[in-house]
Structures are given as C-alpha cells and as structure tokens.
Amino acid sequence: MSGGLVWMLVALGLGVVVVRRRSLAVALVTVQALVLAVSAAEDNAAPAAVLAVRAVALGTLLLLVVSRTREPRPVRAGIAPIARAGLAVGFALALTWLVPAIGLESRNVERGVLALIAFGITAAATRRATLFQVLGIVLCENGLALAALGLPGGSSTAIELGVAFDLTLVAVVAAVFHERIFAEFGAGDTAALRSLRD
Amino acid sequence: MTSRELLALLVVSVPALAAVVTAAAPRAHVHVVATIGAFASSAAAAALSIVALSSPGSPLVERWVVVDAAAGLLVGVIGVVGLTAVLVTPAYLASSTTGLVRTERRPPTFYALVFFFWAILAAVPLVGNLGGAWLLVEATTAASALLVGFGGKPRALEAAWKYLILTSLGLGVALLGIVVLAAGSAHGGLDALSWRELGHVRSGHALVAYLLLVGGLASKVGWAPVHNWLPDAHSEAPAPVSALLSAALLPAVLLVAWRSSQALTPVIGASAAQSVLVAFGLLSLAVAVPFLWQPMAWKRLLAYSSLEHMGVIAIGIGYGTPLALAGVVVHVAGHALAKALGFYAATPLIGHEPRAAGHAVRGIGRTQGPLGSVLGISLGALAGLPPSPLFASEVLIVAGGFAAGRPWTAAAAAVLLALGFLGLAHTLLDTVAGKAPARDRGAPGLRGVVLLTSVAVPCLLGLTAAALWLPGSVIARALAHGAR
Chain A
1 MSGGLVWMLV ALGLGVVVVR RRSLAVALVT VQALVLAVSA AEDNAAPAAV LAVRAVALGT
61 LLLLVVSRTR EPRPVRAGIA PIARAGLAVG FALALTWLVP AIGLESRNVE RGVLALIAFG
121 ITAAATRRAT LFQVLGIVLC ENGLALAALG LPGGSSTAIE LGVAFDLTLV AVVAAVFHER
181 IFAEFGAGDT AALRSLRD
Chain B
199 MTSRELLALL VVSVPALAAV VTAAAPRAHV HVVATIGAFA SSAAAAALSI VALSSPGSPL
259 VERWVVVDAA AGLLVGVIGV VGLTAVLVTP AYLASSTTGL VRTERRPPTF YALVFFFWAI
319 LAAVPLVGNL GGAWLLVEAT TAASALLVGF GGKPRALEAA WKYLILTSLG LGVALLGIVV
379 LAAGSAHGGL DALSWRELGH VRSGHALVAY LLLVGGLASK VGWAPVHNWL PDAHSEAPAP
439 VSALLSAALL PAVLLVAWRS SQALTPVIGA SAAQSVLVAF GLLSLAVAVP FLWQPMAWKR
499 LLAYSSLEHM GVIAIGIGYG TPLALAGVVV HVAGHALAKA LGFYAATPLI GHEPRAAGHA
559 VRGIGRTQGP LGSVLGISLG ALAGLPPSPL FASEVLIVAG GFAAGRPWTA AAAAVLLALG
619 FLGLAHTLLD TVAGKAPARD RGAPGLRGVV LLTSVAVPCL LGLTAAALWL PGSVIARALA
679 HGAR
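So the protein lines, in turn, are chains A and B.
Per the numbering used here, the very first residue in the first sequence carries number 1; after that it's consecutive.
Per the numbering used here, the very first residue in the second sequence carries number 199; after that it's consecutive.
Okay, chain A solo, but in the shape it has when bound:
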C-alpha cells in the first residue's frame, strides 16, 4: 500500500475529528472505508467486497439516522476544532512513539493505523454529539481494517466478515439508542447523559 494512500486515509480521519456537520463526517468515514476496499481489491477480492458492503451499509444507516433526527442547531463540542485537531495529532504522535514496530507491511501503514485509532478515540472523547461518538468507533475500525490489509500474509476474509458484522450490529444498536436519546432529550447530546455519578 502506497504512503500517499495511507496519508489520504489519515487526512480523512482527521476530518472526522474537526468537521461540524454530522452528514459530512459520515461521508468522510464512508469514503475512507471505500478507499480501503479499493486498495484491498488489488490483492484479494473477498475482503475488499466485505469492506465495500460494510462501508455502504454503515454509510446508508448513519445518513438515515441523521435525516431522522434533525437537530435544531448542531451540538457544539466543548473543545474548539483546532484544539481537537491538535489533541488528535498529539495523541497519534504519542502512540507512534510509544508503540514499537508491530510487524505490518511498512512503518507507514503502522503509523496510519495508530493515527486512525488515536483520531477515533479523540473523536469519541471530545465530541458531545452521540453520532460523532459512533463515528469515533467506526474510525477505529477503519484503522483496524487498514492494519488487517497491512498484514504480511494478507487479511482473513472470515475475520473481516465477522468484524464487519459485529460493527454493523453495534452501529444498529447505537442508532436505536441515538434515536431514543434524541426523542427523550430533544438532541443527540451526551451532555444530557450525566446523571449517573458517585
């Protein structure tokens, strides 16, 4: 996998951390997964097909959820976009510094994987909107799909299929709860979910 492709995936991931609109963020993770699928098709068609189907299914589901839960105004994150980007990049750099070589096909792929995981965790931790937290998980899973494609022996179709199924299942359940939270509180905002404390 070329370095340019890896950095394109990373740039799309950083976009999810900073953009304001939910639909744009959904589009970014969907394009990211489709790029991964196209890249996988060069070596093995089966994992590529799984990734492509997962990308389209999740993109459709999440866009449907966005259209069914129109926010009167976007849920503001507590941290400004530039600060979120700084946090995400700092976290990614720290991870690549802390985690030694993990045996993927190139160090570029390894850095890309760690960056996407860092961005996913940052998105889930710093965004208040429920949908962005789900997108954080999807971003992590896209990073892990990149890691699977970067395995020296190639990825396993069975594992790709299982991970795609599980991720879709989690996304469906998250969509159910997002809609319910929206109905209950009038916004998909996790700031409303802070009553359970000790």
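Accuracy of the hints is not assured; some may be wrong.
Among the chain A residues that face chain B by a calculated CB cut under 8 Å, a handful are [what the hints assert, rightly or not]: (1) Ile117; (2) Ser156; (3) Ile159; (4) Gly162; (5) Val173.
Worth flagging that the hints you see were computed from the coordinates, not collected in a lab.
Yeah, the Cβ is synthetic: ideal placement off N, Cα and C, and Gly gets one too.
Model the placement of chain B on the given structure of chain A, informed by the hints.
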C-alpha cells in the same frame, strides 16, 4: 463429530433456538415457552459442565472448539444464571412501566434478547480461537446493550450508551492486539490465532500485543481504571440482566484474557503474563474498596462489588498456582450465585421501598423479614463472611500468592479484601437491621426469590466444602495447564 463437540453445539444452539421461538411465541404463552427454553438450555449447559469437569485431564482442544475444565465451569455458571434470570423475569416485567419497545411486544422481545445474549455468551468459553473469541465478545456488546437500556428511562439510556461506546472502543484496542499477534505469526490467517498456536508467534511482537489485548479486554471485564461503564450499566439494567452481566458476562470475558495469558506465556514469559493480571486485579480492588464503604443504592453497591470480585479473580489467575486456581473456581461459582441472588432481590426490594432504586436504604429486615434475609445472605456471602465460599476462595487465592512467591502483592490483596469486608459488613448491618422508617408496601416477586435462596444456600455451603477438596485436585492442575 465427537460427543463433546455435539454438546458444545447444543449449549449454543438451544438458547439460540429459544430466542427465535420466544420472539415468535403468542403473548399468552411467552412465559411458558421461555421457561421451557431456559430449562432446555441449562440442561445442555449442565451436561457439558459435568462432562468437562468430570474428566478435566483429557480436554478437547481443537482449532475452533475447546471443552476443558475452564469451559465447563463457565458454561455451568452461565447455565445456572441464565435459568434463574429467566425464572425471575416475569416479576421484573410485571413491575416495569416503561421500555424500549411497545408494551405488548415487551415480554417476547426481552426473552428473545436474553436468549440471544445467552447463546453468544455460552459460545465464548467454548471457542478455540482468539479471533473467534473477540468476535463473540463484541457480539455480546450489541445484545447486552439493548438489554441494559431496555427500561427506556433516561438513566437506563445513559448507562447503555456509556456501556456501548466504552466497551466498543476498548474492544477496538484488543483487536489491534490481535492484529499484532497475527502479524507476528509464521503462517498468518485465522489458524494462527487458535489457543494452541498462539504460543508460536514471534516474541518481538508478543508483549505489545498482549498488553493491547488485555488492556482492551479490561474495558469489557470492568477492571479499573477502565471500569466507568460498569456501575452505571449494572445498576440501571433490569435485575435479571444485571445478574447475567455481573455473574456470567464478566467472568466469561475474563476467561478470554486468561486463555490469552496462558497461550502467550511460552513467548512473553510467565512473569510478564501474570504480573499484568495481578496489577489489574489489585488496582480494581483498590478502586472498589472506598465505594464499598459509601452508602449507595443496592444495585450500585452490587456493581462495585463486581469490580472488587473481578479484581480478586484476576489476582487468582495471575498467581496461577493450583492453590490460587482452586480459589478462582470457587470464587467464580460462589460470586455468580450470591451476586445473582442479590440482583434478583432488587425487584422486590424496589417494590417494597421505591427509594432503593436510587438511594441506600436501612432496616429492610425490620419491615420485610424474608426480604431482609435474602439481602443479608447475598451481601454476607459477597462480603466473604464465613461460612461463605468467597471467604474460602479468598483465603486460597491469597495463600496461592504466597505459594507463587509474590508475598507483597498477596499481602496487599489481603489488606484490601479485609477493608472491603468491613465496608460491606457495615452496609449489611445497616440495610438489614438498621433503624427503619414505616413501610406498608408489599414486595412483588419475593416468593420466587426466597425459593431461589433456599436452593442457593445449600449450593453456597457445598462450594465452601468443595474449597477444602479442590486445591490438590485434577481440576486445579488442569486449569493451570490451560487450553494448550
């Protein structure tokens, strides 16, 4: 297909079939259908458990399936907790006024989700492959999150959301560990991730992979410091679901961490593999103990007790000596019985004293004697009050620590356990025999819980007796050997 493979298939397929049948059952018969499904599912689990535990020295270890002593123990526990959870469900459903689904669809949906969760959960200890285990653990998240939020109230939604997001992110980290292991294997593919083959990965990658894997799984086991979802989910879920989460799900995921530790020991060394588990265990104990001293709502207290007990089990498997592992067996089974009983008592408790849903309550034994007895038995057993099996198991685990040459961590565990005991003992006295306000409400569903308690007490005493016999047994030696 061997008889053990057939049994493993039945253990998973019977509850899966029950999920389908209850979802489609007519409303008037859904409780009966669910009860039949629960007895059939637990009978399959009991059969496998008996077979696995009666011949622990000759386990079935294949690429995809493992039937060994550890699997037998966990499948047995899941069978017992699953059966009792279904038996107390009518009382929960009768007392619930809100839900994620329409009132008329609530019973079949709830039962179908419970059986679906049960089927996936039962497969976790039986799968012979780390990749498969991860997929199953992730699948439990989806089913159990729906059950946690089933009540549909804002607090339940909050708990379910936290559970879904935090455990999914944690499992993502665990999956990175699995990818690193796959990258370090000689021939790649799924076969390289079977428990038998994991010990052959290149050593350069194995320690990083193990840390990522166990760190990620910790979020699902509920080990500190990644336990934030646990008190919320266990306290806000319906009582039968809280029991399944605490008594069955947490130890089942813990087993995956344990199997990984045993499989990777030849590469990363026993000391590194075990130290990580002991560290998570001690940290969980240290975080849980202060909460056990605070007055808090009954189910929330039980949730912090789960954090404590998962810590104890982690310490036991971390020591890895036959003495400590005998303690782990007793602890997993005793904790499951006592904790399930405690959660089942929550439905009559909240019926009798509605404030108990969100606050600490006092003197239940003075206003509702049988309910006070159930609460006392459950909390006494969980605190490790002799003759509780958890007292015996904790003694075995601490002694196992000294036998393993880890006197400082064993001493620290003993001190933390003593502090936890004092905290829970104080709560026990207050909850059961403290000064009580006037209460005139009944305790819906109490008869069933008292009946279950009358069965559970001899079982708990039997486990205490088993603690005397287990340390030198073949089961303890087989557990120390693992699925290799």
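Restraint outcome when Ile117(A) is required to lie within 8 Å of chain B by C-beta distance = Nearest chain B Cβ about 6 Å off; hint holds.
Satisfaction of the Val173(A) interface hint, Cβ to chain B closer than 8 Å = 5 Å, holds
If you take the shortest Cβ to Cβ gap from Ile159(A) to chain B, is it below 8 Å?
-> 5 Å, holds
Does the nearest C-beta of chain B fall within a distance shorter than 8 Å of the C-beta of Ser156(A)?
-> 5 Å, holds
Double-check Gly162(A) for me: the hint is only fine if its C-beta lies closer than 8 Å to a C-beta in chain B.
-> Where the cut-off is 8 Å and the nearest Cβ of chain B is about 4 Å from Gly162(A), the hint holds.
Taken one by one, the earlier hints all hold for this structure without exception.
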